[in-house]
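*Asks:* Okay, here's what each chain looks like letter by letter:
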Amino acid sequence: DAKTTQPNSMESNEEEPVHLPCNHSTISGTDYIHWYRQLPSQGPEYVIHGLTSNVNNRMASLAIAEDRKSSTLILHRATLRDAAVYYCILRVNYGGSQGNLIFGKGTKLSVKP
Amino acid sequence: EPEVTQTPSHQVTQMGQEVILRCVPISNHLYFYWYRQILGQKVEFLVSFYNNEISEKSEIFDDQFSVERPDGSNFTLKIRSTKLEDSAMYFCASSDLMKTGMKQETQYFGPGTRLLVL
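In order, the protein sequence lines correspond to chains A and B. With my numbering applied, the first sequence covers 766 to 878. With my numbering applied, the second sequence covers 2 to 119.
It is worth saying that the hints were derived from the structure and are not from the lab. Heads up, some of the hints might be wrong.
[Claimed, not checked] Straight-line alpha carbon distances no greater than 30 Å define the calculated DSSO-like cross-link-like pairs of lysine-lysine that follow:
no., chain 1, residue 1, chain 2, residue 2
1, B, Lys-43, A, Lys-870
2, A, Lys-870, A, Lys-834
3, B, Lys-43, A, Lys-873
[Said to hold, decoys possible] Chain A is faced by these chain B residues, among others (derived, beta-carbon under 8 Å):
no., residue
4, Lys-43
5, Val-44
6, Phe-46
7, Glu-57
8, Phe-66
9, Ser-88
10, Phe-92
11, Thr-107
12, Gln-108
13, Phe-110
14, Gly-111
15, Gly-113
[Unchecked claim] Some chain B residues close to chain A (C-beta under 10 Å, calculated; not the full set):
no., residue
16, Gln-7
17, Tyr-34
18, Leu-47
19, Val-48
20, Cys-93
21, Ala-94
22, Val-118
Given the structure is predicted, the values throughout are model-derived calculations rather than measurements. Note that the Cβ used here is the ideal one computed from N, Cα and C, for glycine as well.
With the rest of the complex left out, here is chain A (with noise of 0.2 Å):
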């Protein structure tokens, strides 16, 4: 799986929207690109994962770039339960068996009250 970049901490205060980018210039044309978090003292949560179009769900949306070589976390409104480890990781499209996720270090995310 391609390496990803991301920030090692954001700050954000509660209620305002935070973007968390993630670089992956080496990233293939088959790469997905996948974010999962990580609450304290808790295992990684899946958030959402898209291909080349920006995707919505109701955690949070993700942005891609046009040239795929980066993409944006974007939570609308932080909460404080939005305190976490945020992981961005490429996973390789392509048949056969399941693979493992492939965690880097993440953007720990602070929300101030």
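Given the coordinates of chain A, assemble chain B onto it according to the supplied hints.
*Replies:* This is chain B only, laid out in the frame that chain A set:
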């Protein structure tokens, strides 16, 4: 909402002892995983399991480790002779069949077992 459960939540053991960590994956899932996270470090993949056999394993998953699905609901990780460096949080995860042959399934993680080897 269905969830992955793990027992025990905490385990303390002496170096050289065997430990078994237990997981109950989501009931209709067929792919199972173990990951670990040493305190302050990244989440690391250990092993994946499908159709009663290991499908992938990392370099960490050496002969001291084994996995088993002893019945229709449990998935276990056994460490035969624990070492100090095995102290970590161990996470079990499960996922559904691949959809349309693409490796983009969501993995659902349990809350983890914190293992401390003294």
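*Asks:* Hint by hint, note whether the structure agrees.
*Replies:* For each hint, the structure was consulted:
1. B:Lys-43 x A:Lys-870: 6 Å, holds
2. A:Lys-870 x A:Lys-834: 19 Å, holds
3. B:Lys-43 x A:Lys-873: Holds, at roughly 12 Å.
4. Lys-43: Holds, about 5 Å.
5. Val-44: Holds. Min distance 4 Å.
6. Phe-46: Check passed: Cβ of B:Phe-46 comes within 4 Å of chain A, closer than 8 Å.
7. Glu-57: With a closest approach of 6 Å, the B:Glu-57 hint holds.
8. Phe-66: Nearest chain A Cβ about 15 Å off; hint violated.
9. Ser-88: 16 Å, violated
10. Phe-92: 5 Å, holds
11. Thr-107: 4 Å, holds
12. Gln-108: 6 Å, holds
13. Phe-110: This hint holds: B:Phe-110 lies near chain A, its Cβ roughly 3 Å from the closest one there, short of 8 Å.
14. Gly-111: 6 Å, holds
15. Gly-113: 5 Å, holds
16. Gln-7: At about 8 Å, which falls below the 10 Å cut-off, the nearest Cβ of chain A leaves the hint on B:Gln-7 intact, so it holds.
17. Tyr-34: Given a least distance of 6 Å, the restraint on B:Tyr-34 holds.
18. Leu-47: 9 Å, holds
19. Val-48: 8 Å, holds
20. Cys-93: 8 Å, holds
21. Ala-94: 7 Å, holds
22. Val-118: 20 Å, violated
Hint compliance for this structure: hints 8, 9, 22 are broken, all remaining hints hold.
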